[in-house]
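Below are the chains, spelled out letter by letter.
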Amino acid sequence: MTDFNPSQKSLEFLKNKFQDYYKKNKIELPDRFGRRELAFVLFGGKGMIRHSSFNKKKDLLDFLKERVPQHVYYSSAYYQTPDAPKMQDKNWMGAELIFDLDSDHLQNADKMSYDEQLEIVKNEFEKLVREFLLGDFGFNEKYLELYFSGARGYHCHVKDPAIFDLDSNERREIVDYITGRDLIDSYIFHEHITGRKHYGDHYFPSGKSLKMPTPDQTGWKGRISRGIIDIVDEIRKSDDPNKSLQEYGVKKKDAEKLVMELSDERVSRIKDGLLDQSKTIRKFFLNSALRKTAVTLSAGETDEPVTCDIKRLIRLPFSLHGKTGLKVVKIDIDKLKDFDPLRDSVVLGDDLVKIKLNQSIDMKMKNEIFNLNEGEQEIPTYLAVFLIGRKIAHIC
Amino acid sequence: MRDLSTLAKYPFLNEARQYIKDYGPSVTELLEGLLYERSRTIGIERLDNALKNGDVGNRSLASKSDRMMEIFSYPLARMVAVSVGDTYFNRRYALGEAIHAYRNLPNERPSFLIDVSEELHINAEYVESVGSVKVFFKDYLRNAPTRYKKWKMVNRDIDGGYVNISLRDLTRLILESLRRRIEEELESRKSNKAIEKAFSSDIKRFQNMVNLHKKKMEAAPVGKLSIEKLPPCMKDILAAIQAGENVPHMGRFALVSFLNSLQLSTNEILKIFSNAPDYQEDRTRYQVDHITGASSSTSYKSPGCEKMRTYGICPVDKMDELCREVYHPLTYYSSKWKKEKNK
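Residue numbers (my numbering), protein chains in the order written: chain X, 1 to 396; chain B, 397 to 739.
Please note: incorrect hints may appear among the correct ones.
The calculated DSBU-like cross-link candidates involving lysine-lysine, where the alpha carbons are at most 30 Å apart (straight line), are [what the hints assert, rightly or not]:
1) B/K530 to X/K271
2) B/K586 to B/K417
3) B/K548 to B/K697
4) X/K142 to B/K548
Keep in mind the hints are simulated off the structure, nothing from the lab.
Excised from the complex, chain B in its bound form (with noise of 0.2 Å):
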């Protein structure tokens, strides 16, 4: 079995679920004993470091029960978060959870960096040889961020179906492949009566703080835009940020700077990204600056049909007869203004 501290790190894997089923207490002692107090404090810093920071956050692991009162704390939180019931709350906490194990995954070994792997369903063999791994490409098309050049196939060695890729950018795809996992968890899990009574008033204190963000978000009409004149593309892009969903870069990207040809100033479109599961507002400001050109010498132009189809996120079912006259999403637009204009 592996040491404590390293279940401790990675309470994720099925090795520290099975330790808490061999060694650990039942669910009512977790929730109730006095010994697990700190478990229980700890479950809910998970949750809420990982809705402030994005990451659920380092605590000693020096002794012994350090290391148990942490692995503990682990199905605690996805007990509550369960309980909270919200997808964008979800999402928030899994990342964090993956990304915390992200961080500490480079100063592990290749044997255990492989065993993860596997264990998140990545077909991965380390080469020790040449000191690379080697990903089924199935596996690496669906963790890789390929939306960045770099990650594109294209720009990757591959033989035979498999891709060659470092230790450190295995580490990336584990980040994806077990943030999605988490997700999946818990949207499939039902809350448990026992839990909501235990953690009613922290469930309530996350439940208003969804409620809150959301409320920023209905509170916040877009000024200048009307939404049924967009083009199928960018309705969807927003309609995926309202929902919380992650959208790729690609996707804010062309959202942000449409939404700048159309003279929106960057408060008006940090609204519409304020509900993002990873939104961090100085990030978000930052990148939305620099598209509109407030802090760098360009301002991107937003990206045409075509290129749009190239990155996927022209939703050609969704297609209609305007669609088809136009080449650019803003031309979309404004015929619809035009249209409207002469009725």
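Next comes chain X alone, as it looks inside the complex (with noise of 0.2 Å):
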């Protein structure tokens, strides 16, 4: 992808755009939006426009009209001065829970297509919303709110009042759970004595198995159990389960032996939480299930997880994404698996715009596809906007 910065021409058209939708649509606003911070970035501007805040429903929507700004952002959290310059001065009173799942945090998203990229952040959102908030977390469906992000991701925010006062520590603590992060092996995985020997008056253990956990178990214990039955299964489906095994990194000779070894019997043992295998197959087992079925959040290094910021600013709902021209949509959750963010976040019109395109594209947006070559396109506004926000394009 060549890097270049949108001429002057290519800014005024997705500013016009950009107008056009705010000018037509009515944005609807979060909650205590008087208590929110507002932020900025202007087409063309330089850095962001931060600590605004607005006290009428009005002011905002005539200023997103009049000066049209190409990101808007508002803050998780509610301060009883939004609008102080310093963040000690705003006096926090509360954040909403926020989960922020981007493909930037994917490993190998560069290999991957946008679509592929974002049908597997979709897999991750949804596990993360059922399997954790809905079900460990408890929380009500009612205080989940689900967006897409505008670009590569989505993003979950939980307004259940319980939760607001959180720190930024117990907030860790959530994120460390839904990742698995310091999971303990023996909490998962128990010695049982299976017999018992006595010499005279004294007891000594004959035997032992390894005991894991049920799949109806609650929490991380269920779920890592889950995870080995579905990874035994597949191994066993494989054409070739010594290479689909190595494939999960177990070593020949480990993998030879337990492919062996599993057996109808020794699945159905497994199945009932026995799992009498040697200390590397259970670590095996054990990565693997987690790595299965764990969220991911984060790439470590440097991305600090969103989750644990209690004065974070995100990307407000409905508006739009300054680098796709897509709508920060809200998603049903009963909709989320059909969900699909080139056509049901598409907002901007279809009228046909002259634009250059500086590489090949082979895209399917608005259940249209474009298989579109190099150089000068007549294409729709939605499509223009996305690639010259990509900057793949630019209005000749």
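From the two separate chains plus the hints, produce the assembled complex.
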């Protein structure tokens, strides 16, 4: 992808289209919106305009129509004085719990197409919402708001008043929970004594088996158990079990041994919660099941999870993402599975526009397939905005 | 109503407060009456014990009068603590009261533990059939020592927003919640003139103890350490310890291993910690020696930036330019030295 700044003309074009959107559409504003900090990035502007707040909804809507920001953010926190220029003077009153899943966080993201990335993130997101937030944490569905981020990810806002005052460390614990960090081996697996021998009055254990949780157990125990069973089934079903094990990172010798041992009887024992395997195999099962069932939130290193930050700015729902022109749409939990960002968050018009592409493009947007060559093209506005925003086209 | 011996063991309960209101003496009587001499003595004893032993201490509760005196001593101790007017002192005393309750609670019935939890705003329910307790996850998070792996939620059974824990673990949550409540109450109350007068010599004595402790701290400049060159994370932990705040285990560990890498001796490190509210020299020395390798086979390495972040002790909002260039607090410190040298 060559990187060049869209010309002035392209910026004007984007701004005009955004202005149309903000003029014609009613924006739903977040609750307690007068207590939120708002922040903007203007087209062609340098840096972010921060520490704004609006008492009246109309004032913000007018601002959007007149100034037409490229990006709009609001604080997940609410403050006594949201427009105070210093953070400590704002007086923090509480904050929503935010989860931000982005394809940046995926391993090998750069090797996948936009669609593939979005699909994987969506699966992670669904796992987060269903398994963890609704399941383990038992949040009421009415408190969960799901949004497409407008680019490459999804946001979940938990608006249960009970958790507004959680501090950063408490939020980090929640993150550690859903990512499975620090899960202790001995919490999951137990040695179980199967027989006793006695010599005189003394009893000694004569046999040991390794117990693992059963799939119906709650929390991480059941989750790991289900993960292990999935992996076992997957290995047995594959044409070359040895190879698929090795793909999981098991050494050749161990893999051969394991495959030999995975008899029907053994598998049914595993489903009953008995995992009689060597230490290495047990470690392999635990780690693979963990990777399979935990939510990938961040790539570690420099990416501080959004969730722990109690003063975070996050993209305003119903606004447009400045680099795609896609709308930050709210998604019904039941419709998450069928949600297609490149169809359901397209809100800009389809008037044809002349643009110049600097690479060829094959993609599907708003149910239409585009196979475009490098050079000048006439394409619908929504696609033009998307491509210009991603810096692979400009207005000619 | 609960019996007096229960109220004497747990004088922080609302019921004990009500008992004093209904049957107890007035403040003046309590401060001056000959009858209440013993309550006054116990009140001071609570504070002394908390300061010295970390527990307000056990006394005989055999007779009715023993129990009454014990109950009345609690508000007295609190009022005196407020008059001493020192955060470190309050923390130390609050911990002493909480530890005292914690040591008694395992002997109580489940229903009592649940009642105490409720009073401390811990949403808990006893499941008799399995003998365990269901706690709302937020109340668990707020009070559990999650710096220890076995207390992390990931290693607990959770379902539908409730964490399943044992009765014994519930007492640990009660300890933390009670400690925090007493601390907050002491910080928010105002000193009373009558108390200041009645206990003037004890209050002075306590203030002197606190000042002596603080002087010891100030008089201990850390030899080889250049405070300005510390990375923000270590500055934060150090500041918290010097302010007498209770710093989590991982924070202490990070600081000790960091200082050890800078070749500070155990004694120099101990001086820094002697301001912590639960400071016990022998214990801290043992732990420091363990980390530095003086009493164990390994000398622990100071954790890197990534690990610090995982444990939530990297103050992300205070990160500066240099922070972004390094992966380890020690690198930060040494590059500050180098930069100064090159100037």
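For each hint, the structure was consulted:
For the proposed pair B/K530 and X/K271, the alpha carbon gap of about 27 Å is at most 30 Å, so the pair holds. A C-alpha spacing of about 20 Å is found between B/K586 and B/K417, which places the hinted pair at or below 30 Å, so the restraint holds. Proposed proximity of B/K548 and B/K697 is supported: the alpha carbons are some 23 Å apart, at most 30 Å. Restraint check: the Cα-Cα separation between X/K142 and B/K548 comes to about 28 Å, which is no more than 30 Å; the hinted pair holds.
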